[in-house]
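Participant: Dock chain B against the given chain A, drawing on the hints supplied.
The chain contents come next:
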Amino acid sequence: MTVLTSLLPEGFDALEPYAESWAVASAAGRAQRRLLSTESERVAFYDAAKELVQRALTQLDQKPLMQLDEREHRLMNLMLGFAHVALAVEVQRDDEPRHAEVRKHMRIVRASADIGA
Amino acid sequence: MAFGKLAGFAMADGFASNAQAKEYYAIFPNFFMLGSPTQPFSHCVMPIAPDRSRGVVRIYWVGEDNSATKRFAREYAMATALDVHAEDRAVIEAGQRGLGSGALEHIHFQTQEVLCRHLFLSVDQRVQTYKNQAAQAAQVGGAR
Numbered sequence: 004m005t006v007l008t009s010l011l012p013e014g015f016d017a018l019e020p021y022a023e024s025w026a027v028a029s030a031a032g033r034a035q036r037r038l039l040s041t042e043s044e045r046v047a048f049y050d051a052a053k054e055l056v057q058r059a060l061t062q063l064d065q066k067p068l069m070q071l072d073e074r075e076h077r078l079m080n081l082m083l084g085f086a087h088v089a090l091a092v093e094v095q096r097d098d099e100p101r102h103a104e105v106r107k108h109m110r111i112v113r114a115s116a117d118i119g120a
Numbered sequence: 002m003a004f005g006k007l008a009g010f011a012m013a014d015g016f017a018s019n020a021q022a023k024e025y026y027a028i029f030p031n032f033f034m035l036g037s038p039t040q041p042f043s044h045c046v047m048p049i050a051p052d053r054s055r056g057v058v059r060i061y062w063v064g065e066d067n068s069a070t071k072r073f074a075r076e077y078a079m080a081t082a083l084d085v086h087a088e089d090r091a092v093i094e095a096g097q098r099g100l101g102s103g104a105l106e107h108i109h110f111q112t113q114e115v116l117c118r119h120l121f122l123s124v125d126q127r128v129q130t131y132k133n134q135a136a137q138a139a140q141v142g143g144a145r
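Order-wise, the sequence lines are chains A and B.
Using my numbering, read the first sequence as starting at 4 and increasing by one per residue.
Using my numbering, read the second sequence as starting at 2 and increasing by one per residue.
Next up, chain A with everything else stripped away, as it sits in the complex (with noise of 0.2 Å):
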């Protein structure tokens, strides 16, 4: 018998696959996901990922943030990943890599979400 674990809430099975890539527990380590992701990743995570973004929250804000079980948890660190790679897809676009040679100069050293986090 094979049991099959989810590592997000139920209805987000489409972002399963992107979940223990994209979901990281940090702004810093977000960033950096972003930094060393390719543009095929990014691009895939981002469609899959644009459309559920306000059901995961609305779904998210039914809870104070300190309640979020683990799987919740993971779903609003991806999230957050997604907040990070729609600035590359969205507004950025072709000049990423560009960019990301420079933005890696630059460090996150602490943001609201690793309060607590």
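Just so you know, these hints were derived from the structure itself, not from any lab.
On a predicted model such as this, the values are computed, not experimentally measured, just so you know.
Using N, Cα and C, we set each Cβ at its ideal position, and we do this for glycine too.
Not one of these hints is a red herring.
Distance condition first, Cα-Cα at most 20 Å in a straight line; then the derived DMTMM-like pairs of lysine to aspartate or glutamate: (1) A:Lys107 <-> B:Glu88; (2) A:Lys53 <-> A:Glu75; (3) A:Lys107 <-> A:Glu42; (4) A:Lys53 <-> A:Asp16; (5) A:Lys66 <-> A:Glu13; (6) B:Lys6 <-> A:Glu54; (7) A:Lys53 <-> A:Glu19; (8) B:Lys6 <-> A:Asp64; (9) A:Lys53 <-> A:Glu13; (10) A:Lys53 <-> A:Glu23; (11) B:Lys23 <-> B:Glu114; (12) A:Lys107 <-> B:Asp89; (13) B:Lys6 <-> B:Glu65; (14) A:Lys53 <-> A:Glu99; (15) A:Lys107 <-> B:Glu94; (16) A:Lys107 <-> A:Asp97; (17) A:Lys66 <-> A:Asp117; (18) B:Lys6 <-> A:Glu93; (19) A:Lys66 <-> B:Glu65; (20) A:Lys107 <-> A:Glu44.
Beyond 10 Å from chain A on every Cβ pair, some chain B residues (computed): (21) Lys23; (22) Phe33; (23) Gly36; (24) Leu120; (25) Asp125.
FRET-style restraints, in silico, Cβ to Cβ: (26) B:Gly96 <-> A:Arg113: 25 to 35 Å; (27) B:Met47 <-> A:Lys107: 12 to 22 Å; (28) A:Val46 <-> B:Leu116: 38 to 48 Å.
Facilitator: Here is chain B on its own, set in the frame of chain A:
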């Protein structure tokens, strides 16, 4: 989407209607503060070599993240701020390369570039004063 949500939170926090919203303060020599309603931040620039500096940007929020949507909006705004400053960094580096190479002999400040001109002239005045004092001290030392 994220900035729309952030604007809603800013209004709820009283930022949007604040008299200081969008005010920009530059405190000589190296501290800058923008009262943006959605992402107020300070920027402190410290020289670490004649041709290098280090900047620290701090974004200020009202209260902790208290919902997933607010956390998402703040992360997006923070990442946007990093992207904007990264773009500025590329321009500054190019300018510094030009100055360092000797290809640029002059800096042209236009009429509206009041702050840049003031900062440059204020620093230059202090450097010239220091050089004069050093030269005078050397003369006095040489005469002894």
